[in-house]
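There are 2 protein chains.
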Amino acid sequence: MLDVCLLGTAGMMPLKNRFLTSLYTEYQGSGFLIDCGEGTQVALSYHGLKMSRITYILITHAHADHISGLPGLLLSIGNNGRTAPVTVVYPESAEYCIKALLTVCGELPYEIVLQPTSDSEPHAFNAKEISPDLRIRSMPVSHTVPCVGYSAILNRRPVFIPEKAKALGVPVDKWKELHSGNSVTLDNGKVVTTENVIGSPRKPLKLTYVTDSLPLPEIAALATDSDLFICEGMYGDTSKKKSMNEKGHMLMQDACGLAAAAGVRRLWLTHFSPAVKEPQIYAEELKELFQAVIVPEDGTKIQLK
Amino acid sequence: MLDVCLLGTAGMMPLKNRFLTSLYTEYQGSGFLIDCGEGTQVALSYHGLKMSRITYILITHAHADHISGLPGLLLSIGNNGRTAPVTVVYPESAEYCIKALLTVCGELPYEIVLQPTSDSEPHAFNAKEISPDLRIRSMPVSHTVPCVGYSAILNRRPVFIPEKAKALGVPVDKWKELHSGNSVTLDNGKVVTTENVIGSPRKPLKLTYVTDSLPLPEIAALATDSDLFICEGMYGDTSKKKSMNEKGHMLMQDACGLAAAAGVRRLWLTHFSPAVKEPQIYAEELKELFQAVIVPEDGTKIQLK
Chain R
24 MLDVCLLGTA GMMPLKNRFL TSLYTEYQGS GFLIDCGEGT QVALSYHGLK
74 MSRITYILIT HAHADHISGL PGLLLSIGNN GRTAPVTVVY PESAEYCIKA
124 LLTVCGELPY EIVLQPTSDS EPHAFNAKEI SPDLRIRSMP VSHTVPCVGY
174 SAILNRRPVF IPEKAKALGV PVDKWKELHS GNSVTLDNGK VVTTENVIGS
224 PRKPLKLTYV TDSLPLPEIA ALATDSDLFI CEGMYGDTSK KKSMNEKGHM
274 LMQDACGLAA AAGVRRLWLT HFSPAVKEPQ IYAEELKELF QAVIVPEDGT
324 KIQLK
Chain V
24 MLDVCLLGTA GMMPLKNRFL TSLYTEYQGS GFLIDCGEGT QVALSYHGLK
74 MSRITYILIT HAHADHISGL PGLLLSIGNN GRTAPVTVVY PESAEYCIKA
124 LLTVCGELPY EIVLQPTSDS EPHAFNAKEI SPDLRIRSMP VSHTVPCVGY
174 SAILNRRPVF IPEKAKALGV PVDKWKELHS GNSVTLDNGK VVTTENVIGS
224 PRKPLKLTYV TDSLPLPEIA ALATDSDLFI CEGMYGDTSK KKSMNEKGHM
274 LMQDACGLAA AAGVRRLWLT HFSPAVKEPQ IYAEELKELF QAVIVPEDGT
324 KIQLK
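So the sequence lines, in the order shown, correspond to chains R and V.
Quick note on numbering: the first sequence equals residues 24 to 328 in this note's numbering.
Quick note on numbering: the second sequence equals residues 24 to 328 in this note's numbering.
In short, the hints are calculated from the structure, not lab data.
Hints are not guaranteed to be accurate.
Since the list gives no way to pick out one identical chain from another, each pair is judged satisfied if it fits inside one copy or across any two copies.
Keeping only pairs whose Cα atoms sit at most 30 Å apart, straight-line, the calculated DSBU-like set for lysine-lysine is [to be verified]:
{"hint": "1", "residue 1": "263", "residue 2": "73"}
{"hint": "2", "residue 1": "270", "residue 2": "73"}
{"hint": "3", "residue 1": "270", "residue 2": "122"}
{"hint": "4", "residue 1": "39", "residue 2": "324"}
{"hint": "5", "residue 1": "310", "residue 2": "199"}
Since the structure is predicted, the reported quantities are computational estimates derived from the model, not experimental observations.
Please work from the sequences and hints to get the whole structure.
In structure tokens form, the structure reads like this:
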């Protein structure tokens, strides 16, 4: 189960009633943040989330509205009592910028692990500090500076079926070991394996986050089968398509097209231009392009199960 | 006349209901900002101020709560249409940090002028891009990193007295030239000087801003005769005096003592600890130490005349 909160929906600059785009996802008491613009620490607190649980910070690209909240957040994570390391992931060419921002922090009461990801090809790693079952993928997208999209995939073990264990005569105190993947030898010498007591394989939970990019077809491939796809929709006015795409951005309609191609379960739009005062006015017409789209407010939450 | 707005009153970290400490002052359509923590651009907009008028940014010291809003603000100043240069003033040893933050901005549509000030001794300059009559002084204070306090002094020309000009027979179309400092020769050959038509000298307007420092006696000297003294008061609980002073901070009571010693006209406290939920509860008892103290809310404004 993943607890997801879209902390803000603004692009370019924070507004007095709209935080910058950033996503927080928590699994079993430990979480990852994607993007950290100016004010993200305030948004976390505003939406009732615990900064000290942030274990990974994934940065899409080195533009101020996606990274300049980093020094303040890292300091506040420390002031909130964290002592375990925090891993910061970013496109490799953004390293100068990440290091520049870290100079503002001075000494922190925990270790920062810098983990660059590729600017030029897809990459994946296990976010093992959160869970060995959580895998993060990054994929280069197309913006005015190197930029990546991220997917988080939570592999879920098949459920344990007590009736099967009982029928095979496995005592209750062995059930946990059996479900964790180990075989168990019964008093009668019979060996019971995990496969004997579990249900059928379960579909992983998948979350995809892409912002500040042309609507590349590769994004649909990254987002395929996502339970939730969070994607930039800078404007809803289709007359702006050409100029936006030229600037490495996409429209709400572009995002709907990608969501449909990817077959995602839900689409949340974000990164609205400051010029778009009421992004929600586009919600109805967008449903004709992709039924499961919402134009969310800051702080929209969901529990993916 | 100086239009002053205290944008925020928080110290250490921005809160959901309290912006970080920062001061904006405007004179004849052009202004200076002191300190720029995370969210200062939002506070400017929240309090109805025009970012594009910011001509000087004065930084007290290189701690995140005083500088990490710089990249976002500089970008937004550009997005708000400014093309004239912006001068950034800071303690000289903070240069690495200022330059690091500038790397996050990329290219701006106006020039940034870097103007370090001394870490170790008082310094002064004319803020001529705002007005030749506006002088800024900086003075080192005592914090955990090099930190300076600032005074802004607006020299005011004596008022023009129309009755005197009339009595001397100066035609109305020569009044402006006469008041600007030039002599005027009348048709009868008589020379009239500025001194002939003005009133007595006027006291300059003075504003002093000090935060993140021990309550050094030198601060009272910097603030002497200020019309408004804005000073840190991290806590109002006097049992914290020793620990706060050791960390290079002062209490509200320390600030009142400095204000009294400096003979200022008004004292505004700021930079409240996040642990101080209601700084206003100290207001009454502080008046016994310094009558003209206020414990301001974010966005408190005054017009100094």
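Consistency of the hints with the structure:
1. 263 / 73: Intra 38 Å, inter 27 Å, cutoff 30 Å: inter-copy only.
2. 270 / 73: between (35 Å within a copy, 26 Å between copies)
3. 270 / 122: both (26 Å within a copy, 26 Å between copies)
4. 39 / 324: Both, since 21 Å and 19 Å are each at most 30 Å.
5. 310 / 199: Answer is neither; intra-copy 45 Å and inter-copy 66 Å both fail.
Of the hints listed earlier, the one the structure fails to meet is number 5.
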